[in-house]
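One-letter residues, chain by chain:
There are 2 protein chains.
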Amino acid sequence: MIKLPQSIADAVENFSKLPGVGEKTAFRQIMGLVNWDPENLETLAFSIQKLSQIKKCVECGLYTETDRCAVCTSDERQDAKILCVVESISDLMAIEKSQNFNGIYHVLGGVLNPLMGIGPHDLKIDRLVDRVKKYNIETVILAVNPSVEGDATCSYIGQQLVGVQVERIGFGIPMGGSLEYLDPLTITKALENRKSINS
Amino acid sequence: MIKLPQSIADAVENFSKLPGVGEKTAFRQIMGLVNWDPENLETLAFSIQKLSQIKKCVECGLYTETDRCAVCTSDERQDAKILCVVESISDLMAIEKSQNFNGIYHVLGGVLNPLMGIGPHDLKIDRLVDRVKKYNIETVILAVNPSVEGDATCSYIGQQLVGVQVERIGFGIPMGGSLEYLDPLTITKALENRKSINS
Numbered sequence: 055m056i057k058l059p060q061s062i063a064d065a066v067e068n069f070s071k072l073p074g075v076g077e078k079t080a081f082r083q084i085m086g087l088v089n090w091d092p093e094n095l096e097t098l099a100f101s102i103q104k105l106s107q108i109k110k111c112v113e114c115g116l117y118t119e120t121d122r123c124a125v126c127t128s129d130e131r132q133d134a135k136i137l138c139v140v141e142s143i144s145d146l147m148a149i150e151k152s153q154n155f156n157g158i159y160h161v162l163g164g165v166l167n168p169l170m171g172i173g174p175h176d177l178k179i180d181r182l183v184d185r186v187k188k189y190n191i192e193t194v195i196l197a198v199n200p201s202v203e204g205d206a207t208c209s210y211i212g213q214q215l216v217g218v219q220v221e222r223i224g225f226g227i228p229m230g231g232s233l234e235y236l237d238p239l240t241i242t243k244a245l246e247n248r249k250s251i252n253s
Numbered sequence: 055m056i057k058l059p060q061s062i063a064d065a066v067e068n069f070s071k072l073p074g075v076g077e078k079t080a081f082r083q084i085m086g087l088v089n090w091d092p093e094n095l096e097t098l099a100f101s102i103q104k105l106s107q108i109k110k111c112v113e114c115g116l117y118t119e120t121d122r123c124a125v126c127t128s129d130e131r132q133d134a135k136i137l138c139v140v141e142s143i144s145d146l147m148a149i150e151k152s153q154n155f156n157g158i159y160h161v162l163g164g165v166l167n168p169l170m171g172i173g174p175h176d177l178k179i180d181r182l183v184d185r186v187k188k189y190n191i192e193t194v195i196l197a198v199n200p201s202v203e204g205d206a207t208c209s210y211i212g213q214q215l216v217g218v219q220v221e222r223i224g225f226g227i228p229m230g231g232s233l234e235y236l237d238p239l240t241i242t243k244a245l246e247n248r249k250s251i252n253s
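If you read the protein sequences in the order shown, they are chains A and B. Numbering-wise, my numbering puts 56 at position 2 of the first sequence, and it's gapless, one number per residue. Numbering-wise, my numbering puts 165 at position 111 of the second sequence, and it's gapless, one number per residue.
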């Protein structure tokens, strides 16, 4: 079997390390890249190098190029006195996309999982408690995904935050969902969380 | 909606240009890359920059870092006097992986398609005819995928190569395939291409 040029083999190997990319996908992507202009390759390479400058916000954990992120430095966001706890930055971005939350965030970076050795300190829950006091937060929304560990994390956080309103996001049928295809647990939750539509 | 750091947005934009990568996949990949060590980011970026050195072999069209590729510079391959015509470099690599072909190649880069304006010159069929003469090729295998355009390309190449044995790869049931799930055309081809198993 012939060998492709070393530079292609190297690029395929490096691309296979990306999340969700196997050797076949990497090969297909490199086959595409080989036809790019040198300038575009340069731009792509440069944008990857620049990622090393990304840090995590010392306050909430969101990605930033400075010490504190765009949310934590916004006066309007601070003044809302509402804080949303999320598991990951991807979850945070999903909430931002809904354009229905205008407070500050706290990124846990995971959920409590004693079997995996993830305790309250790993999730910076002490820092969350400090921030809630420091910024006089009135309401904490727990936007943690439903799972055994997520539920445990929520009740732990609830115990730590005394004198603050702690709420968990609602569970039920997703928009566009069909009862026919939903699991019994979701339907149970939806029945529990029913809402009156006449006053 | 808050904005992520510009370097993340730039990287996502550049990654979305990769084949088969949309904005969501690009974002997920960048979220992974952000956690990489600066050295690994540097290695990835460098391997992308180096792709600009890749050229196409002046003989067959395979990727190479020099003028002529690893196949065309192999005496053993030249001496086999057999040439395999493929549509793309990915198809070539698939044949190499089977480790059952030891001749030289010719990459068409597509198939004849008058509606898309792809004619014999775009596929370098004149160069193929020259190479067949120059290297005294005895057998030409057409490893072109089955399609209307592929069939037309094969019969065109067959007409151009006089005095050479021109063969098309076999069609039939793929290994591990099940008659139950195969299309009628494949089964028709398989019935046509049946082979005696006793002498």
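Just so you know, the hints here were simulated from the structure itself, not pulled from any lab data. Keep in mind the model is a prediction, meaning the values are calculated, not measured. Cβ coordinates follow ideal geometry from the N, Cα and C atoms, glycine included. Do not rely on the hints blindly, as some may be mistaken.
To be verified - Simulated crosslink set (SDA-like; lysine to any residue; CA at most 25 Å straight-line):
| # | chain 1 | residue 1 | chain 2 | residue 2 |
| --- | --- | --- | --- | --- |
| 1 | A | Lys109 | B | Lys78 |
| 2 | A | Lys109 | B | Asp129 |
| 3 | A | Lys104 | B | Glu77 |
Stated by the list, open to error - Stretch-level coverage of chain A by chain B, calculated; a stretch enters the list once three of its residues show a Cβ under 8 Å from a Cβ in chain B:
| # | segment |
| --- | --- |
| 4 | 60-66 |
| 5 | 85-98 |
| 6 | 149-162 |
| 7 | 183-191 |
| 8 | 201-208 |
Hints versus structure:
1. For the hint pairing Lys109(A) with Lys78(B), the CA-to-CA distance comes to about 21 Å; that is within 25 Å, so the pair holds.
2. As the CA atoms of Lys109(A) and Asp129(B) are separated by approximately 54 Å, the hinted pair breaks the 25 Å bound.
3. The straight-line distance between the Cα atoms of Lys104(A) and Glu77(B) is roughly 19 Å, inside the 25 Å bound, and the hint therefore holds.
4. Three residues within the 8 Å Cβ limit are the bar, and the segment 60-66 of chain A against chain B gives 5, so the coverage statement holds.
5. Residue count for the segment 85-98 of chain A with a Cβ under 8 Å from a Cβ of chain B: 11. That meets the three needed, and the coverage hint holds.
6. Counting residues of the segment 149-162 of chain A whose CB falls under 8 Å from any CB of chain B gives 3; the rule of at least 3 is met.
7. Three residues within the 8 Å Cβ limit are the bar, and the segment 183-191 of chain A against chain B gives 0, so the coverage statement is violated.
8. Here's how the segment 201-208 of chain A fares: 0 of its residues keep a CB closer than 8 Å to some CB of chain B, so the rule of at least three is not met and the hint is violated.
Checked against the numbered hints above, the structure violates hints 2, 7 and 8; every other hint is satisfied.
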